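Trainee: This is what each chain is made of:
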Amino acid sequence: MLLVQVLIPLLLGGIAFAIRSNLKRPWLLPLGGTLHFAITSAILLGKTPAAGDAWLGLDPLNKVVLGFLSLLFFLCSVYARGYLISRPNQPNRIFTASLLVFLAMLTLAVEAQHLGLMWVAVEACTLSSAPLLYFNQNPRSLEATWKYLLIGSVGIALALLGSYFLAYSALHGGMSASLFFSDLVREAPHLSHPWLRSAFILLFVGYGTKMGLAPMHSWKPDAYGEAPGLVGALLAGGLTTIAFLAVLRFYQICNAAHDVAFVRSMMVTIGLFSMAVAAVFMVRQRDYKRMLAYSSVEHMGILVLGIGIGGAGIFGSLLHMINNGLTKGVLFLAAANIHRAYGSKRVEDVSGAIRRLPITGALFLAGFFAITGSPPFGPFFSEFTILRAAVAGGRFWVAGLFLVMLFVVFVGMSSTVFAVVQGEPSEKASASGYKDTFFTVAPIIVFLGLVLLLGVYVPPPLSRALHEAAAFIEMKP
Amino acid sequence: MTDWLVIAGMVLAAASGVPGLWQERERGGGERLATGLMVLGALCGIVGAGLAIAWPSAGIDLGWPVPGGRFAIRIDGISALFVIQIFLISALGSVYGLGYWKQSEHPRDGRKLRLFYGLMTAGMALLVCARNTMLFMAGWEIMALAAFLSLAAQDDQRTVREVGYVYMVATRLATLCLFAMFALLFTATGRFDFAASGPINSGTATAILILAIVGFGLKAGVMPMHVWLPGAHASAPSHVSALMSGVLIKMGIYGLVRVLSLFPHPPLWWGQLVLVLGCVSGILGVAFAISQHDFKRLLAYHSVENIGIICMGLGVALLGRSFGNSTLVVLGLGGAILHVWNHGMFKGLLFLSAGSVLHATHTRDIDELGGLAKRMPWTALAFLVGAVAICGLPPLNGFVSELLVYLGLFRSAALPQGTLWLTGALGAPALALIGALALACFVKVHGAMFLGEPRSQHTDHAAESNRLILVPMAVLAGICFLVGLLPWVIAPVLDRAVLAWAPELSGQRLMVLAPLSWVSLLGWLLLLALLVGAALFRRHLRAKPAATTGTWDCGYVAPGPTMQYSSSSFAQTLVGLFSWALRPKVTNPDTRGLFPHPEAFTSSVDDVVLDSMLIPAAQLGTRVLHWFRWVQRGSMQAYLLYILLTLIVLFFWK
Amino acid sequence: MHALVGPLLVVVLLFNLFLLGTSRLQAVINASAGQGVILGILTLCVHEGFSGWIVLITLITILLKGVLIPGMLLRAIRDAAIRREIEPFIGFLPCLLLGALGTGASLIFARTLPLAKEHVGSLLVPAAMATVWTGFLVLTTRRKAINQVVGYLVLENGIYIMGLTLLHAMPFMVEMGVLLDLFVGIFVMGIILNHIRREFSSLDTAHLSALKE
Amino acid sequence: MPLLLLGIIGKTKAAFAGRVGPPLLQPYFDVIKLLRKGSVFSRTTTWVFKAGPLVGLVTALFAAMLTPLGGHLAPISFEGDLVLFAYLFGLGRFFTVAAALDTGSAFEGMGGAREVTFSCLTEPALFFGLIVLTRLSGSLSLSTMIGPGLGQAWHNGGAALVLVGFSLFIVLLTETCRIPVDDPNTHLELTMIHEVMVLDHGGPALGLIEYAAALKLFVLGSLVVRIAIPYSGNVWTSWGVFAGGMVLLAVLIGVVESTMARLRMAQVPILLVAACLLSAFGIVLVAR
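Protein chains in written order, with our numbering: chain A, 7 to 483; chain B, 2 to 655; chain C, -18 to 194; chain D, 67 to 354.
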């Protein structure tokens, strides 16, 4: 079944090449998204056996991720249809195809149980997402794509080196160096620590580049700034999540190998540093899409910070992974609509969004409040859980810095967001033809609804699954 | 049962604005429906809370599947008073809004405003009833955001946007402090409910206190942390200002009271700190108020002052608790809570009447007004009642609560303990100073707005506002009188509050400790005497009809409106006395020569903390951060270098 | 472990230094190609015994790293009509010195790591480190986009050498996947390069720094 | 009795000026005459203008009811009446000044401004004094504070009481608008406080105001006298002593008024701050 789930999008991608009409083709996306989501839910609800093998399989951790990603892609695919229809004269053959391939590779990366296979899948994600960035085909998007591709590939190369190191530490441990995660975790105590540490550093930097942790984040603002908002949502919610999943898997191995102190302090440092960098660049940020990119950097920092803190922090950051992804969906898609309506992503040209696009503007504002951790939205609980864990762990400095960063980020972000949302729209903006349609608004509303839901009611199955995942990460052989 | 009533009130209030959203812009049906729902919800809430006072509520405790969350609601003596106040003021405000913010006059933002107004009410009601920190935070932030959004309803005006930004930043800082505080609280007690905990080690306790004072103080507008308050209150629609100033800022007080109730044995310096903060806030607040030209800003600064008085009461209560002295606790907390209530009433009244004036004259500048008492007699009367009440003069409600605080201060001054009583001894004169200054300020503003001759043509077309605006004001004025004349009705309720705050020290009854019956008696007598006197005076006038002429101006032939003593000149000496804090900007052109050009003397007072400290600091910080931008310089080589360096650093760190 | 491994690795290191030292793009690309070929041969030598799979891998490696990718790059520079790297961010001599230092450092670093018995004394690990380092140097110091691609290629080569240490621990599928990804990666980069050339009519990264704060 | 004080003061000043001066009962004649007159109101004014004098008088009366005379219990006394005492005067002030502003004249406005400004400084002084008394007597009721127990208090904190007495005397001079703060005789200068506030009041209104002023003088005076002479023997002697004290006080005021010059307005606050400091220092003295 899992294999099918990977193959279907690939197949559709192939079909996408075949279809001629620029207007019919986009329908493949909702189709693929729906199928994928259907299969996922069937599997998670236990209707269908996952039927994994040694290479593809489900464990408590990637179950959660799979469900989340499938949902994310489903909503984005609905939006994508509306978006592409709204730009009929922009050729979307390659876009559609690579979007579907991207989905396939995401799924593969999630379900992969083998170190090498996962690496291949993640690299494939990077490559298949490159054309997505280049959708607008102007010099700026070209530059963004170039940077994204090269930096991403370097990062992934480092990850590969790290994988080799890990394998070598297994080899040196004298065990038959299989690179299946289950074996690695089981045999972890025998791994040779020097190699393991070096491996983790490389892997962390490598996949951290994909996550966009500072200082490896440099591709992010360019890529998110130039790509269509839809792609931004998928990268910020999907690709980064995959990379985070990878980091989690290696953290699990280090943890099983009883060699976690260094790893944790490293994660805390990088996490705080990412938040700080994001804060620096969010103050007086005049470009609201780049602002979202930096916000993504910040939240990646929060994720690894939570893991580094440990304890309840792990649960917190797993929950935050979902909250952040969904909220980013709201923000990026809403930003995309605003961008379409105003034809600019500079704050100077954009104002009064809530009057020009009442629904989108309101959603953008709500998404901003959500992402900055205001109750009763979901992110509040995850961030608060992480803070709690830090305080409970007696790490008052970490907690203090965490809060300071959150504050600075809020100050910076709010001035930009308010400038966009409030005030009077310019005549040019009012003249532009764009209107909110069902396909471009409904997905955002659903996203926001989910974020709100996670704030007022975390479904018990979900929280159970998250707790299992956290336990799974902390598992000691 | 009672709890469910209150919850029903919350739901109705929250939903009040929703149906209107489907009304088209110009039709007014939505607003009436919204008001109806709001009033209905308010009734539910008030009845529920009232019952909860009579028969303490069992409370509700349902599962709430979010991390650390339980849907725990309980209404004790403290909550009940706040609930009643919240629902009362917001219901009156929403009726007032019918006349003041007609949908037909405000097609763009009317619906938004009503929606967030209801949400704000619901959020406040939720947070004062919540017994679970997560639920509290939820209510808190709903309130904060709704307040921001209803403040920003007129976001097409630049000043409103700026004010909203300042408010938002301040309230977020507060929220983050509360994050930290609740996290500490959880670590110390291991639980998410406001349960009186075991001994908390002093370090944590101190941290919690500081965070609570900053976090809640920001919301309440205690002096150094009041920065958002004047602007916000001035720019918001008046019934929203009334709700914000009358109720919303009190949520900070509520939080402080609730959190402090967790500490059975606070160190002495806690009480002293709160008391001193109160004095500073009170004196400087009123000093700033005197120097304002915008009457809504002036009222806003008076909120700062009254919050100061409330804090003084709270400080006395804390002192009492650390001495284990029940008298001080009862007097101090009773005074504080009662003043919270009273301030809600008379400040609401003042803002509503100010709004009525604004509605009629479209100016907020005191020196543009004058002589309105003839054109808007009822508004003038309402404002006068509010003014007398806020100055804490008998026989109105302000006097009762200030009396309690005074008694607390005097009692603490009479304490035998070493030199600790000095704080109390200094508190009483400070309160006296505050009272006198407030009196000066309100005589000035009332005189300048309503008495004398008009100073500008703004007042020419001023006419008395309609009933929808007047009735809520009348109700509030009535309450001011009732509380002032029948304080003993409230006393048992306050005893309940004390019981909820410090159960171990709630032995004594307020009636015994404070001469409330005397106050009530003398109040009635005073009114009686005044009426009799008035009757006699009138008889005398009928006997000897009075002639009317122009004001006699020491033989000056043509006294004109411009020759009146303007409010600025009225306040000049006092502003001079406080110039060390107010830093007034004065332009005083010297007029020399035989025929000097027409010149104008102007003096204005900015908010020292905001305009001369925070904003420059923020700009500096921005510049510093901007300097880091070169890191993101667009060169790929640099970016790859960062990755390399990270690797190297990590490998060396390993 | 074949006797040839050591000498071959030395040659790889020499190629590294050559890459750092030369300015002519063609030479740079050829050097990387040579490196690729040698890696192919190394694969054959490192692996004990002789099986069809190994030969296959060797051939694919040589084909990709030695022929296809360099050819693509050469075509790119021919189209773009650029001959040499104009003044890199840091001069060639410092680059060389840094490279040499890096090589030394990687020798020391490899000491700190405990090696499996069959690799004790072999140059595999340090050579891998040194090559990765070289790749990074090229990536961070050169101005021409082509050169950066080459740098990435060298980086991959280094990693490949590391991969050789656990050739038998590694199922071939992964190997193939690696090579495939490498190929696709470079391929996509090539496409982008073409776009860049069309957009900016040059391959100088100076044109690629419009997006910044 | 209150108006008599005015008479005595007048006499004393006359004596210093070497004149015969008006008869002691002159103030009574004035007030009665005023009450008989008809009244004139400005067009500008509203009911507030009429309310001013009335409220002023009524509040003064109530305050008087709270004041213990010569060690005897006041007609009304309870724990905490001192606050009511102070705030009643506040209420009176509020309406007097409001009435002044109601005329819309520059002079009245100025007078009102000064009145409230200076009261901002006298109030703290008064409360400092009251704190000292509370500290000494342990009671919150005027009647107990300066009641029979006062003699005992002199033994504990005599020095403090002296300071308080002085500062209360200054408060008295200010509140009742006497030289060196204000000059009750002048009417047409920019230098006055109380008198200028009531420029527009005439007839009965003025009469009420005059009487209220005298009453205020009497009430505050009785405090000062009691603190100065804490004698309490049997009823008659103590009344006698008290009456004598009041007369002395009146004479003293007269002497002060005839010997001192009125301060410049700018210097008045300094005097009042001095008063505050005196009683604050008193607090420090009793801080044992």
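By construction, these hints were calculated from the structure, which means they are not laboratory data. On a predicted model such as this, the values are computed, not experimentally measured, just so you know. There may be inaccurate statements among the hints.
Said to hold, decoys possible - The list that follows gives simulated cross-link-like pairs (lysine-lysine, DSS-like), each with its CA atoms no further than 25 Å apart:
id	chain 1	residue 1	chain 2	residue 2
1	D	Lys99	B	Lys545
2	B	Lys655	A	Lys482
3	A	Lys482	A	Lys30
4	D	Lys77	B	Lys545
Trainee: A separate judgement is required for each hint: does it hold in the structure or not?
Mentor: Hint check:
| no. | hint | result |
| --- | --- | --- |
| 1 | Lys99/D x Lys545/B | 14 Å, holds |
| 2 | Lys655/B x Lys482/A | 23 Å, holds |
| 3 | Lys482/A x Lys30/A | 52 Å, violated |
| 4 | Lys77/D x Lys545/B | 34 Å, violated |
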